[in-house]
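Peer 1: Next come the chains, spelled out residue by residue.
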Amino acid sequence: MGKFTKKRGKAKPEVSTASLPDIIFMLLFFFMVVTVLRDASVKVENNLPFATELTKLEKKSLVNHLFIGKPLKEYQSTYGTSPRLQLGDKFAELSEIPLFLEKHRASVGENSIPGINSSLKVDGKVTMGIVTDVKTELRKSGQLKVNYSAKPKAE
Amino acid sequence: MGRTRAKDRMKAEVNAGSMADIAFLLLIFFLVTTTIDVDKGVLVKLPPWSNEPPPEMKLNSRNVYSVLVNANNDLLVRGEPKLLRNLREDTKEFIMNPKKRDDMAEIPTKAIISLKNDRGTSYETYLEVYNELKAAYNELRETEAQKRFGKSFEFLDKVRQKEIRADIPLVISEAEPTNFGEE
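Line by line, the protein sequences are chains A and B. First residue of the first sequence? That's 4 in my numbering, and the numbers climb one at a time after it. First residue of the second sequence? That's 543 in my numbering, and the numbers climb one at a time after it.
Hints were generated in silico from the structure; no laboratory data involved. Treat the hints loosely; a few may be bogus.
[What the hints assert, rightly or not] Each pair of labels, with its calculated beta carbon distance range:
| no. | chain 1 | residue 1 | chain 2 | residue 2 | range |
| --- | --- | --- | --- | --- | --- |
| 1 | A | Leu97 | B | Phe691 | 43 to 49 Å |
| 2 | A | Thr58 | B | Lys600 | 32 to 38 Å |
| 3 | A | Gly83 | B | Arg702 | 50 to 56 Å |
| 4 | B | Ala708 | A | Lys63 | 40 to 46 Å |
| 5 | A | Pro155 | B | Arg620 | 29 to 35 Å |
[As the list claims (entries may be wrong)] Subject to a maximum C-alpha distance of 30 Å in a straight line, what follows is the list of computed BS3-like cross-link-like pairs (lysine-lysine):
| no. | chain 1 | residue 1 | chain 2 | residue 2 |
| --- | --- | --- | --- | --- |
| 6 | B | Lys582 | A | Lys148 |
| 7 | A | Lys148 | B | Lys700 |
| 8 | B | Lys600 | A | Lys143 |
| 9 | B | Lys704 | B | Lys641 |
| 10 | A | Lys156 | B | Lys689 |
| 11 | B | Lys693 | B | Lys582 |
| 12 | B | Lys587 | A | Lys156 |
| 13 | B | Lys693 | A | Lys156 |
| 14 | B | Lys658 | A | Lys154 |
| 15 | A | Lys154 | B | Lys600 |
Predicted model, so just to flag it, every value in this text is computed and none were measured. Ideal Cβ placement from N, Cα and C applies to all residues, glycine included.
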């Protein structure tokens with residue numbers, strides 16, 4: 004029966020790959036937008052504690068980070084083993100906090116200053132002494148919105 | 543003849559076949575460098591700094607829920623040792639005072655939680671305690687929202703949220719820590 008003979012010539016339809024670059028580009032843009040390039044390498048031990056009542060920090064540009072923890076092994080010879088404060092990418096003294104906050108305030112617009120959050124990334128093993136000192140310093144500089152960074156606890 | 547050929551050549555396009563490869567390369571780069579860690583934490587509002595000592599306030603002691611965390615990370619709540627896992631329920635009972643006991647808060651708006659720690663208290667414990675206290679308030683607001691509007695607190699509109707917040711205000715007063723246990 005002629006009807007069912009194979010049409011040899013027309014076979015082998017290929018999937019068009021012309022749109023492949025577009026798809027890849029879409030993925031690429033997605034990751035480019037999502038990516039947060041780490042601007043500071045953390046030089047202190049930073050095992051965040053767990054908590055349940057968490058608030059997500061929106062607007063990355065309106066957040067400044069203060070790290071507190073024991074210096075990592077390679078810095079212990081210079082900075083000792085007691086917990087230290089890290090601002091930006093270097094160790095700092097408490098007295099440098101006002102300047103650090105002021106610099107960050109200058110970098111964001113005038114209108115967004117009230118929206119600035121300070122994210123305290125404190126190692127769980129640190130004692131409250133240094134944390135209280137940092138909090139006092141923040142209060143003196145008028146930075147009252149603070150976020151104790153923590154990991155979500157699985158319940 | 544020669545002319546037409548030249549025109550054909552003008553129309554020749556750049557080979558876009560390698561575009562996908564380039565895009566892939568970039569994609570892989572971003573895939574590797576991406577750290578999708580969302581910044582989450584316990585949000586607190588610190589009291590403004592003032593050089594004068596805070597004004598003496600006369601508080602009815604029934605409205606104050608004092609929580610002490612010492613350098614050994616033990617809890618002392620209203621003069622009695624307490625375990626962390628009981629703190630949340632106990633706080634809720636104190637704030638709402640369902641049995642109308644005369645040693646607990648008169649009304650939720652008058653309840654004040656006073657948190658005090660030593661300089662030697664570990665941050666982990668401190669945050670756990672703070673978290674429990676905050677959780678107690680959040681749970682109370684949630685039940686209140688369910689009772690009044692039959693909706694979860696986070697799905698209520700701003701006005702209603704504010705209303706509930708005003709009725710169950712979160713007041714955690716933190717005292718200056720004592721100098722125990724500083725390393």
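Peer 1: Next step is simple, just say for each hint if it's right about the structure.
Peer 2: Evaluation of the provided hints:
1. A:Leu97 x B:Phe691: 43 to 49 Å: With Cβ atoms ~46 Å apart, the hint holds.
2. A:Thr58 x B:Lys600: 32 to 38 Å: holds, 34 Å
3. A:Gly83 x B:Arg702: 50 to 56 Å: With a Cβ separation near 52 Å, glycine 83 of chain A and arginine 702 of chain B satisfy 50 to 56 Å, so the hint holds.
4. B:Ala708 x A:Lys63: 40 to 46 Å: violated, 32 Å
5. A:Pro155 x B:Arg620: 29 to 35 Å: Cβ of proline 155 of chain A to Cβ of arginine 620 of chain B: about 30 Å, so the range 29 to 35 Å holds.
6. B:Lys582 x A:Lys148: Status holds; Cα separation ~14 Å.
7. A:Lys148 x B:Lys700: holds, 20 Å
8. B:Lys600 x A:Lys143: holds, 26 Å
9. B:Lys704 x B:Lys641: holds, 26 Å
10. A:Lys156 x B:Lys689: holds, 28 Å
11. B:Lys693 x B:Lys582: Holds - the C-alpha atoms of lysine 582 of chain B and lysine 693 of chain B are around 25 Å apart, at most 30 Å.
12. B:Lys587 x A:Lys156: Status holds; Cα separation ~22 Å.
13. B:Lys693 x A:Lys156: holds, 25 Å
14. B:Lys658 x A:Lys154: OK: lysine 658 of chain B and lysine 154 of chain A at ~24 Å, within 30 Å.
15. A:Lys154 x B:Lys600: violated, 39 Å
Against the hints set out earlier in the document, violations occur for numbers 4, 15.
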